[in-house]
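Q: Protein chains in written order, with this note's numbering: chain L, 58 to 344; chain U, 58 to 344; chain C, 58 to 344; chain D, 58 to 344.
The hints are simulated quantities; they were obtained by calculation from the structure and are not laboratory data.
Small disclaimer: the values here were computed from a predicted structure and weren't measured.
One or more hints might be untrue.
Computed footprint of chain U on chain C, listed as stretches where at least three residues anywhere in the stretch have a Cβ under 8 angstroms from a Cβ of chain U [as the list claims (entries may be wrong)]: (1) 78–92; (2) 141–154; (3) 271–280.
Here are some of the chain C residues that sit facing chain L, going by a computed Cβ distance under 8 angstroms [to be verified]: (4) SER158; (5) ASP170; (6) TRP193; (7) PRO197; (8) ASP315; (9) LEU319.
Virtual Cβ for every residue (Gly too), placed ideally from N, Cα, C.
There are 4 protein chains.
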Amino acid sequence: MKASTKQQTLVVSCPDSAGIVAAVSGFIADRGGLLVEANHHTDLQQSWFYMRNVIDMRNSDVSFSSFKAQFQEIAEAFQMQWSLRSANTRQKVVLLASRLSHCLADLLHRWQDGELECDIPCVISNHEDLRRMVEWHGIPFHHVPVDRGDKSAAFAKTLEITQRHEADSVVLARYMQILPTQFCEAYSGRLINIHHSFLPSFVGADPYQQAYDRGVKLIGATCHYVTEDLDEGPIIEQDVIRVGHNCDRQEMIRRGRDVEKLVLARGLRYHLEDRVLLQGNKAVVFS
Amino acid sequence: MKASTKQQTLVVSCPDSAGIVAAVSGFIADRGGLLVEANHHTDLQQSWFYMRNVIDMRNSDVSFSSFKAQFQEIAEAFQMQWSLRSANTRQKVVLLASRLSHCLADLLHRWQDGELECDIPCVISNHEDLRRMVEWHGIPFHHVPVDRGDKSAAFAKTLEITQRHEADSVVLARYMQILPTQFCEAYSGRLINIHHSFLPSFVGADPYQQAYDRGVKLIGATCHYVTEDLDEGPIIEQDVIRVGHNCDRQEMIRRGRDVEKLVLARGLRYHLEDRVLLQGNKAVVFS
Amino acid sequence: MKASTKQQTLVVSCPDSAGIVAAVSGFIADRGGLLVEANHHTDLQQSWFYMRNVIDMRNSDVSFSSFKAQFQEIAEAFQMQWSLRSANTRQKVVLLASRLSHCLADLLHRWQDGELECDIPCVISNHEDLRRMVEWHGIPFHHVPVDRGDKSAAFAKTLEITQRHEADSVVLARYMQILPTQFCEAYSGRLINIHHSFLPSFVGADPYQQAYDRGVKLIGATCHYVTEDLDEGPIIEQDVIRVGHNCDRQEMIRRGRDVEKLVLARGLRYHLEDRVLLQGNKAVVFS
Amino acid sequence: MKASTKQQTLVVSCPDSAGIVAAVSGFIADRGGLLVEANHHTDLQQSWFYMRNVIDMRNSDVSFSSFKAQFQEIAEAFQMQWSLRSANTRQKVVLLASRLSHCLADLLHRWQDGELECDIPCVISNHEDLRRMVEWHGIPFHHVPVDRGDKSAAFAKTLEITQRHEADSVVLARYMQILPTQFCEAYSGRLINIHHSFLPSFVGADPYQQAYDRGVKLIGATCHYVTEDLDEGPIIEQDVIRVGHNCDRQEMIRRGRDVEKLVLARGLRYHLEDRVLLQGNKAVVFS
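The following block holds chain L by itself, in its conformation from the complex:
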């Protein structure tokens, strides 16, 4: 639901132990905060604890910065990795695309419609095709062609533009290039890709052709964080759609587009709402 501007989201992960919830919820209650939404997860195998709290501070006189500063004590006591985000703060999300328009058009419409709560400082593409669509939405478009012989200059420029726009997160909306390690590391845990297959099936090139050749009865899409290991990063969201013998590769591509769009939009939304907590190469998603 729509976040009030007096809300803030606290996300925590730490070694499991008794008293974490008591300490955190006591801290919140003592400062007049009201829990609007709370999600917990205990990974018994790893003995690790994950928590997300959406806190209504309407009746509190503790400022965001004081709350944050004071929480540091608890965080240290429990060895927490944590973040606190105010509903007033919108993430800056840079989108990368190539020629295929469906994912980009879908994200831009959701953004324009007020569904995606973020700012989009710019779109970067290695092709010119989507400029008109992007600019119609009032968003700057940067064309950074990638030279097959030497891609490094293009990636450096892409990274430079992304950083210049102070991107909090980056979304690959069917961007058809493999980003270098440096880029992946710069945006570790904040670089989101949509892969057009139900991973780990059909990694690599042309998954729809692979799916057609294998004769699967469902095709899918996977939204995941990009890591150095191609198609191996933590999975945020997946879904599938039914196909049959009457679906050739073209028809699979057509049906697949609908899944790609939905899965990317859902995954990005989870990310923007701080619903995704990393657990090694896996993602805890409080969906």
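With chain L fixed as given, assemble chains U, C and D onto it according to the hints.
A: Then chains U, C and D, alone, in the frame of chain L:
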């Protein structure tokens, strides 16, 4: 996941206010309890709070009964409706069936396979057909025929048998009779039905024929608590399956059976694991 | 899959009898036509037969018009309702919308992307809001406000514009007005609506609020032909999405949009590809 | 729908050419047959044609054997692979199982309930566990233990029992052994397995552990024909179910069972109704 015998589940609902989670989780932590699973829900419209905690008491020296007695104070302070159940306690579930075997066979197999954590003291049916199946599972079978002219005697006897077996909950596994108000009230919030349509579509008789006549493209099933108002009780779980022009009523019945079985099994499981909290005529399900 | 321009689609329905397929397929083979896709359905209850043939005429020297003229004889012999459409002919589809943009934006993008094989001569709306979006796609936009006191003038004008553009079909992309009988009859079997519920559940106003109040676990959307009886016309396509206790009405609306878009796009596609054959108030859909 | 005893199913695949449907449907009509159900598929890439006709011979005086003999001429003209099965003939299906009961219990109940139209001459298992369940259904149970050191004797005996019972098809209902080439070849295209993952994901051992480790958001099951290449045979049916971070391996196994049961039952049904036509390593399924 499989519950350890040192676990207990605390379920709470109460008017929303600051400090509930802090009070409850503090209470648990003070007694050496460890949160294994926690679900919260705040209904902002009704200003009502719902919580379910699975607590590991392995490292605690507070007994179940002491824990329960001591919790009373918090419960009163926050005007809670609440329950505490030990993983050692299995609910007694009486099953009612008629002639159709699929839901009953499915539940009995899951129970035999150790998937449904409950005791089944008996099965009651208004027909003899399923006796052999029930008794093969080692469960007593009671045949209580329902006389069309005067059903009250049969229902009284059914209620008497159910109460004699000290049933905690009752499941209507395609039991084809409408139970009287007295029965519904005696097991309010503990009487589970599977309706063979996607409610509120197709209430009343022969929903598959209704679905066929209307030409819908999906048929469904609904697991709900029975109230006096037929087919109107709180919904626990629903699901659907695709049908097409090549499905006549018989084929819809056939496909529908698979959804009925799954939805009933899932709904019952949520109920047994104390995942269902009533909210007027709606059910909060921590699935 | 993409239709070649030498393809034509023959759609037939008639009383069932022996020899229909033999006669039709013999007719096609005799003229050098090759069956690319064929769908049959026999409604045994109504004793009615439905058939759709996609025919490749690449190796035929029989023209479209000769084929059509010669087929008349068979059609009469079997009392067929039938149509023959060349892949060269694109339907003209007029879209009606109000203020909500998601369905319209989705259809326009699919059309621009080459996925929807039709022409869109214009969009008509009772509000100005969507003009900019429509015109950016190079499509004329007509604003026909509907006066609450007397709606007839607006509907007459809407019908006039639709007819002036020689619309083959009309799509209500969340058009929030109830069209008069005259309009429904003028485009009988060619007037497509998207209803934001899983019909027959929640007919009438604000189905998401109704769904919220009833506590259903899935919400849906229904694409159907509009008839005089509101929300009662033949269903072309339906789908659902899961919701839970954490979904208020706003969140249901948000999730529902994704189903509405998909279901309308699929339904329209079936219609454009002549996959929908009417059977009284039901639709045979060769999907 | 339930097949009348005067029905027969004709299944054909052959190189694509003009006139196949005309020839076959003419042949049927000439003999007084009425098409009850017809499915066609043209693989344009391979230029291959697939057809399934369910024919009502109620008004025909041509016997099954004459029909079959006379059809030979057409079959040769078009180089068809084909089969004709009378609705009077039920396939004999031998089931192989190990210790897990869910798939076997599900199939046996469907069979007992009249849903699976086949005979089950016996169940063979490498363990004793399921004897009582099988025998309760009135079906002979053969215990053929598999010696880890030398499995060949056990497989030879399993094959011998299967052949002695004149099995038309064999189903591996979570049979935990890899059958030797000889067995696979003896029942090529008639040996059905349920694999507990969404192939081609997670081939090999313990797919649920693999799925857990990879953090996928959906798990699945695959019904396929067994070939020499383990987990690589033609896929008949697949489906998935949603999982989340709160699902450990045990919970995945539990949820997965429901998908396994459904997918195997559907796949077997397609097979028994002659809806599955092989196309190299892929299966055309007229579902």
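Q: Looking back at the numbered hints, which does the structure fail to meet, lowest number first?
A: When the structure is compared with the hints, numbers 1, 2 and 7 turn out to be violated.
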